[in-house]
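J.: Protein chains in written order, with my numbering: chain A, 1 to 422; chain B, 1 to 422.
In case anyone wonders, no lab produced these hints; they're calculated from the structure.
Mixed in with the good hints, there may be bad ones.
Below, a sample of chain A positions facing chain B; criterion: calculated Cβ distance under 8 Å [claimed, not checked]:
1. 51
2. 53
3. 56
4. 69
5. 72
6. 78
7. 79
8. 80
9. 82
Just a few of them, taken from the derived set where beta-carbon distance is under 8 Å, the chain A residues facing chain B [unchecked claim]:
10. 58
11. 75
12. 86
Glycine included, C-beta positions come from ideal geometry on N, C-alpha and C.
2 protein chains.
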Amino acid sequence: MARLVMKFGGTSVGDIDRIRNVAAHVQREVDAGHQVAVVVSAMSGETNRLVGLTRDVARLHDAREYDVVVSAGEQVSVGLLAMALQDVGVAARSWLGWQIAMKTSDVHGAARIEDVDVAAMEEQFGEGRVAVIAGFQGISGNGRITTLGRGGSDTSAVAVAAALKADRCDIYTDVDGVYTTDPRMVPAAQKMNRISYEEMLEMASLGAKVLQTRSVELAMSHNVRLQVRSSFDAPDDAKFKNMAPDDIVGTLICDEDEIMEHEIVSGIAYARNEAKLTLLGVPDRPGIAAQIFGPLADAAVNVDMIVQNMSPDGKTTDVTFTVSQDELERAVKVVEAEKVGLDYSQLQSAPEMAKISIVGVGMRSHAGVAQKMFKVLADQGINIHVISTSEIKISVLIDADYVEPAVRALHAAYGLDEEVAG
Amino acid sequence: MARLVMKFGGTSVGDIDRIRNVAAHVQREVDAGHQVAVVVSAMSGETNRLVGLTRDVARLHDAREYDVVVSAGEQVSVGLLAMALQDVGVAARSWLGWQIAMKTSDVHGAARIEDVDVAAMEEQFGEGRVAVIAGFQGISGNGRITTLGRGGSDTSAVAVAAALKADRCDIYTDVDGVYTTDPRMVPAAQKMNRISYEEMLEMASLGAKVLQTRSVELAMSHNVRLQVRSSFDAPDDAKFKNMAPDDIVGTLICDEDEIMEHEIVSGIAYARNEAKLTLLGVPDRPGIAAQIFGPLADAAVNVDMIVQNMSPDGKTTDVTFTVSQDELERAVKVVEAEKVGLDYSQLQSAPEMAKISIVGVGMRSHAGVAQKMFKVLADQGINIHVISTSEIKISVLIDADYVEPAVRALHAAYGLDEEVAG
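The following block holds chain A by itself, in its conformation from the complex (with noise of 0.2 Å):
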């Protein structure tokens, strides 16, 4: 017997036959004999609908006001599976953000959650009921609703998993794991089995958008094993008789120590929409940097890779940074408007650039794979603008016309693609 927490998105509980499906799902962990909470979204179109409503009353919202007209959504989605639940025989009770409790900051629209009391809920397994948690709320000190912000029922599953010891947490959504690279790009990708909670950051935040960062990040800091599968299996598929508790039919994010054999590197992750500043001729002086990037900060744009590079006369250095495509206008109006203070020569800004990562924990302990890299590139003729490396990564920015030879060859350079028997 295990415990499990499983969590469904909008999508997987849209309208009424959805929700019979998901009912199903749990049934099936149920009759295996494990102990199952469930954590769901509101049904799909829901929340823009709610949210559409607060736009409509007030162009300033009172976000606390905006957090109890919002959370109703997943209000209405756990009543209504614990009815599905209960209609196939399997017992169940709905839990709001306040009954679990599930204590929160009072960030309202975007609160971080604090501590769960999973106390009730764990007495109720003792009676062999399945828990049907509104995902995405909580409540405040003050006894507010609030709620996490977009896709916080990700992060809701992962809390509720780590308060309840769950020995793994099923992310249902709409692909079957996570994959070596976007199969849509490159049809040889292969969906691992495992991944490091580290490597999946990695991926996560460069562009692979299968979990929030901040559920992984979360899931990481209470060890909370992560299974990414399909909502769109069937309930009863063959696949699933005589499953092991430890089997896996997704992709498990797990501590890189139950990763028996790591490859070096486990994944390509891309972004589009890169623009690439560079500030020529900057007096090379201490706080120079700051000087840059302390007004672009204060102006709310997201700025990613930096390079710094010493000009010939060795006085004056070229800055060069990166920024999504459509923080471009904006982060040069920033930079030009403090050219008296900064001093430099002269700005460039080329908007269609991309950056492609390699991404493995293996490279930690092996040389060489950055240069493999760079040499496999070189070999398809592609330049490299910007090169930023962390212990498991090495990113690259280069022409965005460029982004699917790339990672085709890095795909097939580094192994990864799928053999195909023959």
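Chain B: place on chain A using the hints.
T.: Quick look at chain B alone, frame taken from chain A:
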């Protein structure tokens, strides 16, 4: 300065424009210096939509989960109204049933209010903040959401008014007050300025469906002054200018001591859809009434008027009673099934009957009120089938065809017709 509870139904908050209109009504009272709590229903159509979802998901509901789903409707409308109030500069916050707390029994779907804890709300009044309260919902002793049953928001409003010791509870509805009889039938019908709780209860249960009977009972037992008034009034109507706190624009339902001079008859109510059953030749022995009406009660047939006459032979009796037309068939079946035990000679039924009632606390101290009613009907050639009286009401059963002439003639005879200046 007065303390007011204002209640708006689903139609009044049916869309964003109407919610703004409600906010303007509230603003008017706040500007007049009053402390205000507003009780609102779900946006019209929303409760039906949610009830439909629960029906679609499972034929047999768990009433506790039904309440979770259905109470989401009021959660949305309180949040939106609080925002609309803030948008026009009125400080406001929403209160859900569990936040107040509105403590109820655990009869889900039809809970009874047990206690209203208004300590937190009262504190906010001190800070000049309007309390926007979700009607229809409460919380049970074990922390589950309850609902009061359809139309329960009137009852919520009265309960809040009682707990807050409000000076008045204004029920905004689609009519501008309580009339001496149905103005669609009798154009000369007049809006009453005041009516006692007892009279209103007789009027309401007899078909003048302006307020839930339950809310009037609660108002009477806690001495809450209730005003029925129109939600279609423009919030800035000139008639609201310079009003004293005690001025009434609709109809005030209050203790009879507050009504200076009573009409002998305050109003005339009617109910169509009545049916009559008569058992002829029933043996006249003790316990025969219980033997007739016991099985009817067991079959959930609602019996209204009952009369019993002696037969000339002194050994048998005739028993006549009324039920609503849609229950007639069921009632006949029940009585026929008891034929052997009851030993009556014949069962007669008449499906097309109507009940006319004259109501007024003044009739307690006036003789001849009933006699006048019988004479007016006799003058119209209308036959009376059954008579039933209470302290402040006289009801007669007549053929349904004669409802209109009967009500018109009685309305004129008791001096209720509007005086037309001429």
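J.: The structure should be examined with respect to each hint, and the outcome stated for every one.
T.: Hint check:
1. Evaluation of the residue 51 (chain A) hint against chain B yields a violated restraint, the C-beta minimum of about 11 Å exceeding 8 Å.
2. With its C-beta approaching chain B no nearer than about 6 Å, residue 53 (chain A) sits inside the 8 Å limit, and its interface hint holds.
3. Nearest Cβ of chain B to the Cβ of residue 56 (chain A): about 5 Å, under the 8 Å cut. The hint holds.
4. At about 4 Å, the closest approach between the beta carbon of residue 69 (chain A) and any beta carbon in chain B falls short of 8 Å, and the interface hint on this residue holds.
5. Below 8 Å, beta-carbon pairs count as interface contacts, and residue 72 (chain A) has one with chain B at about 4 Å; its hint therefore holds.
6. A distance limit of 8 Å between C-beta atoms decides the matter here; for residue 78 (chain A) the minimum to chain B is near 7 Å, and the interface restraint holds.
7. Because the closest C-beta pair between residue 79 (chain A) and chain B is about 4 Å apart, less than 8 Å, the hint holds.
8. At a threshold of 8 Å, the smallest CB-CB gap from residue 80 (chain A) to chain B is about 5 Å, leaving the interface hint in force.
9. A least Cβ separation of about 5 Å between residue 82 (chain A) and chain B falls short of the 8 Å threshold, and the interface hint therefore holds.
10. At a threshold of 8 Å, the smallest CB-CB gap from residue 58 (chain A) to chain B is about 4 Å, leaving the interface hint in force.
11. Nearest Cβ of chain B to the Cβ of residue 75 (chain A): about 4 Å, under the 8 Å cut. The hint holds.
12. Annotation: interface hint on residue 86 (chain A) holds; nearest CB of chain B at approximately 5 Å, less than 8 Å.
Comparing the model with each earlier hint shows a violation of hint 1 alone; every other hint is respected.
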